[in-house]
Amino acid sequence: MKRNTKGLLRASLSVAAAAAIMASSQTAIAEAGDPIRELTLISRAQAANPQQFQAAELIAQAWRELGLDVTVQGMPRPQQSDAVWYNRDTWDLTMWQMAGRPERSDPDELIYNLFHSTTVENGYNFVGYVNAEYDQVAEQQRMTANREERKVMIDKLQDIINEDQVYAFLVHPLQTYAFDSTVWDASTTVEQPGLGIKNFWTFTNVAPLGDQRDMVLNSSDELNAINPFYISGATDSWITELIWDRMMRIGPDGLAQPWAAETVEWSDDAMSVTITLRDGMMWHDGQPVTTDDVVFSFTAPVDFAPMYKPFVDGIANIEVLDDKTLRFDLTEPNAAFETSTLAKLNLAPKHVWEPLLAALNDGENAESILEETRIGSGPFKFNRWVTQQEVVLDANSEHWAAPEMERWILRVVLNVEATLGMLRSSDLNFLSDYTGDPSLLIEAAEADGDLEVVESVDIGFQYLAFNLRRPPFDDAAFRRALSAAINRELIRKAAYNGFAVNANSVVSPALSYWHKDGIAEELDTGVDLAKSILEEAGYVVDGGRLHYPEGQTEQFAN
Amino acid sequence: MVYFLKRFAQMIFVLWTVATILFFMFRTMPGTPLAAFIDNTTTEEQQQALIEQFGLDKSLGEQYWLFLTNLMQGDLGQSFFFKKPVVEVVMEVFPNSVILTLSSLLVAYIFGIIAGAYLAWRRGSWVEGFGIPLVLTTRAAPEFWLGMVFLAYFSFHLGWLPSGGANSSGAEFSSEWARITSWDFLSHLALPAITLAIYLQGLPLLLMRSNMLNVLQEEFITMARMKGLSTWAIVIRHAARNALLPVATAFALGIGGAVGGNVVVETVFSWPGIGRLLVNAVAASDYPLAQGAFLMITAVLVVMNFIADITYHLLDPRVRVAARG
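If you read the protein sequences in the order shown, they are chains A and B. Residues 520 to 1077 in the working numbering are what the first sequence lists, from first letter to last. Residues 1050 to 1374 in the working numbering are what the second sequence lists, from first letter to last.
Treat the hints as calculated values from the structure; they're not laboratory data. All figures in this text were calculated on a predicted structure; none of them were measured in a lab. One thing to keep in mind: the hints can contain errors.
[Claimed, not checked] Taking lysine to any residue and the SDA-like style, the derived pairs with C-alpha atoms no more than 25 Å apart in a straight line are:
| # | chain 1 | residue 1 | chain 2 | residue 2 |
| --- | --- | --- | --- | --- |
| 1 | A | K1035 | A | M672 |
| 2 | B | K1132 | A | T892 |
| 3 | B | K1133 | A | N902 |
| 4 | A | K1035 | A | A995 |
| 5 | B | K1133 | B | E1221 |
| 6 | B | K1132 | A | Q598 |
| 7 | B | K1133 | A | S700 |
| 8 | B | K1132 | A | S739 |
| 9 | B | K1133 | A | T892 |
| 10 | B | K1133 | A | D993 |
| 11 | B | K1132 | A | D822 |
| 12 | A | K1035 | A | W757 |
| 13 | A | K843 | A | S887 |
| 14 | A | K828 | A | T810 |
| 15 | B | K1133 | B | V1067 |
| 16 | A | K843 | A | F815 |
| 17 | B | K1132 | A | W904 |
| 18 | B | K1133 | A | G955 |
| 19 | B | K1132 | A | V905 |
| 20 | B | K1133 | A | D740 |
| 21 | B | K1133 | A | D704 |
| 22 | B | K1132 | A | A878 |
| 23 | B | K1132 | A | R903 |
| 24 | B | K1132 | A | W757 |
| 25 | A | K828 | A | L879 |
| 26 | A | K1012 | A | G1045 |
| 27 | B | K1133 | A | E781 |
| 28 | B | K1132 | A | P554 |
| 29 | A | K1012 | A | G955 |
| 30 | B | K1132 | A | D755 |
| 31 | A | K828 | A | V871 |
| 32 | B | K1132 | A | N902 |
| 33 | A | K1012 | A | L1042 |
| 34 | A | K828 | B | D1106 |
| 35 | B | K1133 | B | Y1052 |
| 36 | B | K1133 | A | E883 |
| 37 | B | K1133 | A | S887 |
[Claimed, not checked] Footprint (simulated), chain B over chain A, 3 or more residues, beta carbon under 8 Å:
| # | segment |
| --- | --- |
| 38 | 733-741 |
| 39 | 941-950 |
Yeah, the Cβ is synthetic: ideal placement off N, Cα and C, and Gly gets one too.
Start from the sequences and build out the full structure, keeping to the hints where you can.
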């Protein structure tokens, strides 16, 4: 459809082009359209995200060799979001990133939301990618319960994105974490692909070696909320998943496994799932966890938790079969249901939350409720939260998966150098959030001797987004050329200090089952290649400046 | 009394002006408060819900009127981010900020006054030649650098003092009072307070010194010398007391200024305080919280200014007479 409109545009302009050809004596110019406008590449400001900014500079440099006039503009995040997310017709190029989260262990969330045409207007598809074939396969994989068949589709989708170069993928950064190996038994930490050792399984499993039984970890961001119906930032979710249980958990293998559910059984048509609740579960206030609580936790979000609503929309009905068993009926088969719903929704106590929700005014929802007891049923109990300083959780010894540690203490430390210092002076014994240069951490660990550093590839990735609404970025050949001109090896080494792997897919190599092997190598690169792709597609360099193909005019000249 | 009322009315006017400027300033800034949520929120429905929840669907005039009437009742609104009343959020860290500011100001001013008076007395000596450049250098040293050096040495190297926060991890206290009087709190306070004091001491020291130099030229000092009074009596009883007035004003203003100006020290030492709160609120376009925190700082500044004026009025007969005339 897009090709057609462009064809029309070309036809309508051909008269003008013919006139231009006759008027001009130089054939090189005669074949060219308008010069391509000056382009602005938006990035986070240098101070806020030096890696991203440097990558942007390197990209702009390479593109100048192609004859483009590119400027990098650093912006604070809210301003960047405002420009890119809320004014979707106004920008050309932006640096962007997708963060890794446990629920993103299933490729569906990113595969579907980022590129499906239904999310173009307001959702995650902010680049404006519309491809009917892609839509169809993306919908199909959702309804395919067979893993092998689904894998074929996920591969196909990765191929389409590679072919169209909707994004210029750059890298999957390596996450670095560290802990004091004299305090924690290294063999009891658990590495979860894409998330590293900072995960639910490490926190519930790790065993102290001596008298220090409190885990002291760090967050480099301020915290905003601890609420089972609301995630206000990345760090919140580390806390909520420890306090509130879920029916299933994403296991260290990246797949959902039963947790508060004893068993999870699917019907043959994949339209309903029967769940048996684990025996003897208790809320932190001593009340039993009942099937009513489960129903409440999956129905309350429809009206009261906008953030979780999309994940329960696919539930048609929940039937309580007896005091331990429930059946979820779905509106349509959904392969990602376990990951994106059963392993995502927090189980919240009905007796605490129902009266609070009932007291809300119109237009308010569970996000505006400050419920300070924070009663859950999870392996950790909420103790207290001191603003801008720390959150303290106590191990729940009654839990069937009771943690080995005594307390889990998250300190807010904004200063990266101080974070490293604290780790070495044992004020911290688990480095859970490190935004500094990984090589400094490794040096510090070598000097210290007690610290063990663990690196792992992120589920998330860094990329450059083209605005497909605005020519020339609607042309896949143009995007392929621009993407080919990017030297990812240089970016990986210079901007990320080598702590990253090259990317060319939304599905990270950390998700080894779903990632299409070798897709990063399928992308041929080089400035010469880029030039030849452009030439083939009809773009012309004249006077050092890249021009549109014959007959195409500049609609967005500034 | 009339003077007092007049000054009071002026103070209210200043506060109203600041509140109004703040209100419109934050709303004309680029960026929307929704931007802070978009990583998690997707649909338009959800965005609309947020807009309504924040009251951003009302007209600017309506929002302003609501803001003013609520303000009169001491209600600064609800923080978009923390989902708590602004007053509650601010008050959680306000004691930390006030204590850090007051303790460092006290150290800075006591040291500054004594050292300033001494340097004035020793004018032209080697002490002055050495002292003034030293004061200027420490005054000019960036706070974050000084803070990092102190952290690296006293905390990480020597291990004498804790490295960050206002309390040890997981420390529990029976009350807020017990917390801020505990050894744990005071040891955490030491490094940030000293860093800030070093930064702040330059002003009172140099001010005191130049005032002293002026006062020492005065005839009553010559008179005192002629009477054969001791050096001690001349410097402390006669000269210093007269030179103190402008320093007292600077102290009062310093309290207001320093309450809001501690972002750097708060960040370096992970000290929970109002400066960090403010920076976050601005970055996240949390209008109510940013307004509230700024207003609190303004209020402290204006009230301190007011108190300084009134004390001046009481302390110095000349001002009293001028005000009447």
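Taking 25 Å as the top limit, are the C-alpha atoms of K1132 (chain B) and P554 (chain A) close enough? Violated. K1132 (chain B) to P554 (chain A) sits at ~51 Å, over the 25 Å cutoff.
Given the proposed pairing of K1133 (chain B) with T892 (chain A), does the C-alpha separation stay at or below 25 Å? It holds: about 15 Å lies between the C-alpha atoms, which stays within 25 Å.
Does K1132 (chain B) pair with W904 (chain A) here, judged by a C-alpha cut-off of 25 Å? 14 Å, holds
Can you confirm whether the C-alpha distance between K828 (chain A) and D1106 (chain B) stays at or below 25 Å? Holds: K828 (chain A) and D1106 (chain B) sit about 22 Å apart, inside 25 Å.
Decide if the proposed pair is consistent with the structure: K843 (chain A) and S887 (chain A), CA atoms, cutoff 25 Å inclusive. Given pair K843 (chain A), S887 (chain A) is violated - Cα atoms ~32 Å apart, limit 25 Å.
Just to be careful, I want the Cα atoms of K1132 (chain B) and V905 (chain A) compared with a cutoff of 25 Å; is the pair within it? Roughly 15 Å between the alpha carbons, so the hint for K1132 (chain B) and V905 (chain A) holds.
Agreement of K1012 (chain A) and G1045 (chain A) with the hint, judged by alpha carbon distance not exceeding 25 Å: Distance ~17 Å between K1012 (chain A) and G1045 (chain A) Cα, so the pair holds.
Checking one constraint from the list: CA of K1133 (chain B) to CA of S700 (chain A), max 25 Å. Satisfied? 39 Å, violated
Given the hint that K1133 (chain B) pairs with G955 (chain A), test it: the Cα-Cα distance must not exceed 25 Å. At roughly 32 Å apart (the allowed maximum being 25 Å), G955 (chain A) and K1133 (chain B) break the hint.
Assess, step by step, whether the Cα of K1133 (chain B) is no farther than 25 Å from the Cα of S887 (chain A), and give holds or violated. Status holds; Cα separation ~8 Å.
Given pair status - N902 (chain A), K1132 (chain B), alpha carbons within 25 Å: Within the cut-off at roughly 19 Å; holds.
Decide if the proposed pair is consistent with the structure: K843 (chain A) and F815 (chain A), CA atoms, cutoff 25 Å inclusive. Since the Cα atoms of K843 (chain A) and F815 (chain A) sit roughly 15 Å apart, the hinted pair holds (cutoff 25 Å).
Going through the hint list in order, the structure does not satisfy hints 7, 10, 12, 13, 18, 21, 27, 28, 35.
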